[in-house]
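J.: The hints should help you fit chain H onto chain A, whose structure is shown.
Protein chains: 2
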Amino acid sequence: MLYIIGLGLGDEKDITLRGLEAVKKCEKVYIEAYTSLLSFGISSDGLSNLEELYGKPLTVADREMVEEKADSMLSQACHSDVAFLVVGDPFGATTHTDLVVRAKQMGVDVKVVHNASVMNAIGVCGLQLYRYGETVSIPFFTETWRPDSFYEKIKRNRDLGLHTLCLLDIKVKEPSLESLCRGKKVYEPPRFMSIGTAIEQLLEVEQKLGESAYSEDTACVGFARLGSEDQIIASGSMKQLLTVDFGAPLHCLVIAGETHPIEEEMLGFYMIKE
Amino acid sequence: MLYIIGLGLGDEKDITLRGLEAVKKCEKVYIEAYTSLLSFGISSDGLSNLEELYGKPLTVADREMVEEKADSMLSQACHSDVAFLVVGDPFGATTHTDLVVRAKQMGVDVKVVHNASVMNAIGVCGLQLYRYGETVSIPFFTETWRPDSFYEKIKRNRDLGLHTLCLLDIKVKEPSLESLCRGKKVYEPPRFMSIGTAIEQLLEVEQKLGESAYSEDTACVGFARLGSEDQIIASGSMKQLLTVDFGAPLHCLVIAGETHPIEEEMLGFYMIKE
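Respectively, the protein sequence lines represent chains A and H.
Sequential numbering of the first sequence, starting at 853, is according to the working numbering.
Sequential numbering of the second sequence, starting at 853, is according to the working numbering.
Isolated chain A (complex conformation):
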C-alpha cells in the first residue's frame, strides 16, 4: 500500500491523526523535497522534528527521485506499507497525480490522506472561495523569457468580478544551464518568488499589453508562510503591497475581483496602515 499523506501548511503539528497513524505503521517513509519543503520550516531542524514525532527516519525524495526513480518506491509499496509525505494537500501539484497513475498501473493500492492546501487556506483573508476564477502561475522572468499568459486569465477573471489566486514560481534543485551543457548536473540555489517580484512582473505586463486588466491601484492580498505561526496576510493596492517586507517564503498573491460587504470587512482587518 502507498499512502500519500498531506502534511498541511505549517509545521510537523499540521499532520492529521489519520496521517500520523499511517506514517507510524509504514516501513519506509519518503518526504517530497521538490516543491515547498524549505518553506515548511524543515530546512535544518525541521526534518528531525518530523523524525522525532514519527519515531523513524525519513528519506528525502527530490524531484529527480520522484520522477525518475519512482518505480523502486512503488515496488516497495507492492509488498509493504510505504508513506509518501507531501507539503499541503497531495493534489496541489501534477507530479503527485502522475505518481498515482504509475502506482495504479503497477497494481499498487493507494490511499490518500488529505490536508489543507494553499488553494483553500487563502479563504482566511475573507475573499470567498467560490468567487475565484481560474488560478494562474507567475513564472520568474529571465532576460529572454517573459511569458505573459497569466495576463489574459486575470483579465477574464476580473471582467467577471472574480478573484484570482496567483501561485508564485519556485525553483528548487534546478540544474544550471551551464552545467547541463557540460553534461554534469550542478544545481542552482533554490529561489522563491516574492510578492514584490510578482507585482513588478504583473505591472510590467500590464504596461506592455495595456488592456487594463489591473493597475497599481488594484486591491490585492499578499500571503507569506500561510498556515504557519508567523504568517503574514496584508491587503492593499499593488502599489501598497510593494512597500511591505513579507519576509521568508513561501509567498502567494490574490488579486481581488468585485468584493461584497462582508469580504470588505474582513479585508479591512488586514489592511496596510499608511
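Treat the hints with care, since some could be wrong.
Because identical chains share one entry, a pair is satisfied inside a single copy or across any pair of copies.
Stated by the list, open to error - In silico DSSO-like pairs for lysine-lysine, Cα to Cα no more than 27 Å straight-line:
1. Lys956 <-> Lys1125
2. Lys956 <-> Lys865
3. Lys877 <-> Lys1037
4. Lys1007 <-> Lys1091
5. Lys963 <-> Lys1125
6. Lys908 <-> Lys865
7. Lys865 <-> Lys877
8. Lys865 <-> Lys880
9. Lys1091 <-> Lys921
10. Lys876 <-> Lys921
11. Lys1037 <-> Lys1007
12. Lys963 <-> Lys865
13. Lys876 <-> Lys865
14. Lys865 <-> Lys1005
Since the hints were derived computationally from the structure, they do not count as laboratory data.
Please read all numbers here as calculations on a predicted model, not as lab measurements.
T.: Quick look at chain H alone, frame taken from chain A:
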C-alpha cells in the same frame, strides 16, 4: 482567544495535531451543526467519539445559535479559550467569515487551524485544481422556485475549457413554511441533494435554455462522502452517473472542461464500467 478549527472531511481522526492541542486546552468547545455534521458520521455515536478523543463535552451549535447567539460565545472567548469546530476548513462557508468579523469587532483574538475542504480534496480525481473556473451551487428546485443562475457560469467555464465544481444543496434545520406562518418554528427533516437530483436539475435547465452548456454526454465526476473511508468517486457521462447509487450524503459533482492526457488517465481509474 477564539480558535476556529477545521475538522477535515472524514471522521474524528482527521483533526490535525495542532487542532487537537488547541481543543484540549479550551474551556468550552462548540461544534457547528448547520452545514454537514450528519455527513461527518457524527449523527449518533460520532459526537461521543469526538468527546472521548477530546476528553471533554461538546456543545452543538446550530445555525440559529451561531447566527443569533454568537455574542455569548464571543464574550466567553474574551476571557477564556473557546474552540469552535467546523467540518472541513473554516472558510468554506460565509457564516464563519461573519463570525470572525464579529469576534474582531469585539476585540477577541482569533486563531484559525486549517484542514482539508471539499474545495481542495476534489483534486484526488485527477482533474487539476488550477484548471477549475468559478464554483457553482445547485439549489433544490421547488414547484415555484427553479433558479438557473448556475447555468451561465457552467457555460462560461466550459467555453474556456475549465472544470466546474457544483456544490449541492443542504437543508438542515430549516423551519417549515407552515410553522413560520403559525409563528412557532417547527423544523423540516434535513435534506441533502444527491448527484442524481443535481444532474436531473442540470439537464432540465439545459433543455429549457438550450445553449449547449453541457449535455447528458458531458464527462463528470461524482463524489460521495469525499475524504471518508467509504468515499465513492465515479467518473462518466451525466447519463452514466444517473445510474450510480452513491449512497449516503454528502455528494458533490464536478463537470469536466477540456481534459489533458494525465487527467484522462486518472479519470480512467474511476470510470463507470458498463
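J.: Confirm or reject each hint.
T.: Status of each hint after checking the structure:
1. Lys956 <-> Lys1125: between (52 Å within a copy, 17 Å between copies)
2. Lys956 <-> Lys865: Between copies, since 26 Å is at most 27 Å while 30 Å is not.
3. Lys877 <-> Lys1037: Neither, since 36 Å and 51 Å both go past 27 Å.
4. Lys1007 <-> Lys1091: within (18 Å within a copy, 35 Å between copies)
5. Lys963 <-> Lys1125: Close across copies (22 Å), not inside one copy (46 Å); limit 27 Å.
6. Lys908 <-> Lys865: both (16 Å within a copy, 21 Å between copies)
7. Lys865 <-> Lys877: Answer is both: 18 Å inside a copy and 15 Å across each meet the 27 Å cutoff.
8. Lys865 <-> Lys880: Classified as both; 20 Å inside a copy, 22 Å across copies.
9. Lys1091 <-> Lys921: neither (45 Å within a copy, 41 Å between copies)
10. Lys876 <-> Lys921: Within one copy only: 24 Å inside a chain, 42 Å across chains, cut-off 27 Å.
11. Lys1037 <-> Lys1007: For Lys1037 and Lys1007, the Cα distance exceeds 27 Å both inside one copy (39 Å) and across copies (47 Å).
12. Lys963 <-> Lys865: both (21 Å within a copy, 15 Å between copies)
13. Lys876 <-> Lys865: Result: close both inside a copy and across copies, 15 Å intra and 14 Å inter.
14. Lys865 <-> Lys1005: Intra 36 Å, inter 39 Å, cutoff 27 Å: neither.
Against the hints set out earlier in the document, violations occur for numbers 3, 9, 11 and 14.
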